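Number of protein chains: 2
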Amino acid sequence: MSQSLSSNRQLLLTSRPHGRPSVDNFYLANTPIPTPAQGEVLLRTVFLSIDPYMRGRMSDAESYAAPVALGETMVGGTVSRVVSSNLDGFSKGDWVVGFSGWQDYALSNGQGLVKLPASLVEPSHALGILGMPGFTAYMGLLDIGKPQAGETVVVAAATGPVGATVGQIAKIKGARAVGVAGGPEKCRFAVETLGFDACIDHKAPDFAEQLKAACADGIDVYFENVGGKVFDAVMPLLNTKARIPLCGMVSMYNSTGLPDGPDRLSLLMGTLLKKRISVKGFIVFDDYGPEMPGFMKEMGQWLSEGKIHYREQRVEDLEQAPKALCDVLEGNNFGKLVVRVGPDDLT
Amino acid sequence: MSQSLSSNRQLLLTSRPHGRPSVDNFYLANTPIPTPAQGEVLLRTVFLSIDPYMRGRMSDAESYAAPVALGETMVGGTVSRVVSSNLDGFSKGDWVVGFSGWQDYALSNGQGLVKLPASLVEPSHALGILGMPGFTAYMGLLDIGKPQAGETVVVAAATGPVGATVGQIAKIKGARAVGVAGGPEKCRFAVETLGFDACIDHKAPDFAEQLKAACADGIDVYFENVGGKVFDAVMPLLNTKARIPLCGMVSMYNSTGLPDGPDRLSLLMGTLLKKRISVKGFIVFDDYGPEMPGFMKEMGQWLSEGKIHYREQRVEDLEQAPKALCDVLEGNNFGKLVVRVGPDDLT
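Those sequence lines, one after another, are chains A and B. Plus 9 on top of the position in the first sequence (first one is 1) and you've got this note's numbering. Plus 9 on top of the position in the second sequence (first one is 1) and you've got this note's numbering.
Among these hints, one or two may not hold up.
Because identical chains share one entry, a pair is satisfied inside a single copy or across any pair of copies.
What the hints assert, rightly or not - No more than 20 Å apart at the CA atoms, straight line, and that leaves these computed lysine to aspartate or glutamate pairs for EDC-like: (1) K238 to D272; (2) K101 to E49; (3) K155 to D296; (4) K283 to D295; (5) K250 to D152; (6) K238 to E218.
Simulated from the structure, these hints should not be mistaken for laboratory data. Quick caveat, the model's predicted, so the values are computed rather than measured.
Just chain A, same shape as in the assembly (with noise of 0.2 Å):
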């Protein structure tokens, strides 16, 4: 870590993947520390976080946001703390949360960054349940998805940030909650730690008779995080005016091409009009970001009533983050993922 005291360290993207990102993807640069102009802070990163939208921004197929040019420094989330300010609202010692992207240090113009209000006791949280995957799963399913008590919910990748979250806010709106998730031990984790109704491993060989099993009154509400298999065992059990906000296509990412046919194309449309479905794509701080106020407090009484429970994974040192970019696609993270790049304390 002391390279990092003296010099800028920065994992620039120098290839685009095809299918799998790869750790050779990324170059670890050494740069000087940047000096901030008049009207700028420089920030030392403290955490950063690793998340699937990250592969979209890896290629250069069409997206909602533009690639990361080849020979810049990969985008990111990032908790950080101002090591000097010449920007007004801004002095040395801030928390805040922005974009520095994977690197030691960074300029900003104060554009996109938010200081952490001094009751948020692990700023690393900014990340996550208090950030935009919690803020993903709170819009998604309370404005899309409008769950009704009742009701049965469900969604994969049932522990990571996005997933955790909206179980248990479905749970609080007094809807059943079922979870998918990969392997016994997320799936025990969800059912006796989160508080799904039940949770399914994706792995198992009869994956779509025991999702069916477990949803017994059809699905109301599919939040929709990773696609693929699970979409299609999803599917055939849509309720009547289901919900399905879209949010993510996590198992799609790394693929190279469409899948074999039939095409199914029609059957989807089919089933949206026969069953009265609404989808809505939503990317949450474009479509609702006046609402994170409003997420923020809400959140933040539920996590002090501990109605929430978030789990987070860390990875030491900013050279990791790679490696957890490709793990986190591959669904081998436990909880949302964030690396550690710098100590808490500034001196």
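With chain A held as given, fit chain B onto it using these hints.
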């Protein structure tokens, strides 16, 4: 027509089609005219509506409504006159809209039966612009599509009762209306008479390129009523935050299996995700029943002001109904298809 005065002609569904329906799926029966019990009215059909949804009722595949049982009278919306009444609120001679099905006479206990307002100059309009198709266009476009001034709205079957209404309401709301129809005559009618900004012939070999050229700013609302190759051409043109009201997929109704691959289900879901699109299937009477009076009032106003043009195609004689349905499913009609079953006059 004299036969209908002494007995009741009924078109019974006697076999289920595999693929395209044929007139041989129906049998013309002659039965006694029924007698209304206490609490019933006897109705004589004047007009029978022919609509694409009827194909679904001929199949026993899972759908939003139960299939017509073999040997039963085919279902359909009708405008009728009351021949005799043992039901409070209905009197001999009243004009009503209901669901008598494909027959000359029917009994009703009043459920689903609505008296036509005296202001309705053309009773058959209760089956079209002021009935289910017009209501479908109105609610789907305004409640789900939500077209904004300057946006581009695309709809297929642009000279049919739903598509024509969608395009004209889009224009009233200040949006651009781009239609899709089969053949130059329908396309010319859509532009010159209905006021569409453009209408593309889906039979043209370069249909997709023409549609793209007509939608230079992309597509903000796609009102889906046909599916198939029209949707294929629309999908890449959809803008961020596009809305897709989904009320039908006529092009798929006669298909006997899924098309060959590749499997584009994940491509569709990925498009909805990346572009934050919403899709919502709906059935107008089930989802929007209470909105009917408001629709009737506003649409009546538009009609009286000449803001909405409505084209109806009449087919003479109940016995032509099977062929008329086959034509509608092939797009061989031009305007809303209505079968004249009996005379206006009761005597």
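Structure-based check of all given hints:
1. Taking the shortest alpha-carbon separations for K238 and D272, both the intra-copy value of 15 Å and the inter-copy value of 13 Å come in at or below 20 Å.
2. Taking the closest pair of Cα atoms, K101 and E49 come within 20 Å of each other only inside a single copy of the chain (12 Å); across copies the shortest separation is 84 Å, beyond that limit.
3. When the C-alpha separation of K155 and D296 is checked against a cutoff of 20 Å, the pair qualifies both within a copy, at 16 Å, and between copies, at 17 Å.
4. When the C-alpha separation of K283 and D295 is checked against a cutoff of 20 Å, the pair qualifies only between copies, where the shortest distance is 12 Å, while the shortest distance within a copy is 31 Å.
5. Taking the shortest alpha-carbon separations for K250 and D152, both the intra-copy value of 15 Å and the inter-copy value of 16 Å come in at or below 20 Å.
6. For a Cα distance limit of 20 Å, the shortest separation of K238 from E218 inside one copy, 13 Å, qualifies, whereas the shortest one across copies, 34 Å, does not.
The structure meets every hint from the earlier list without exception.
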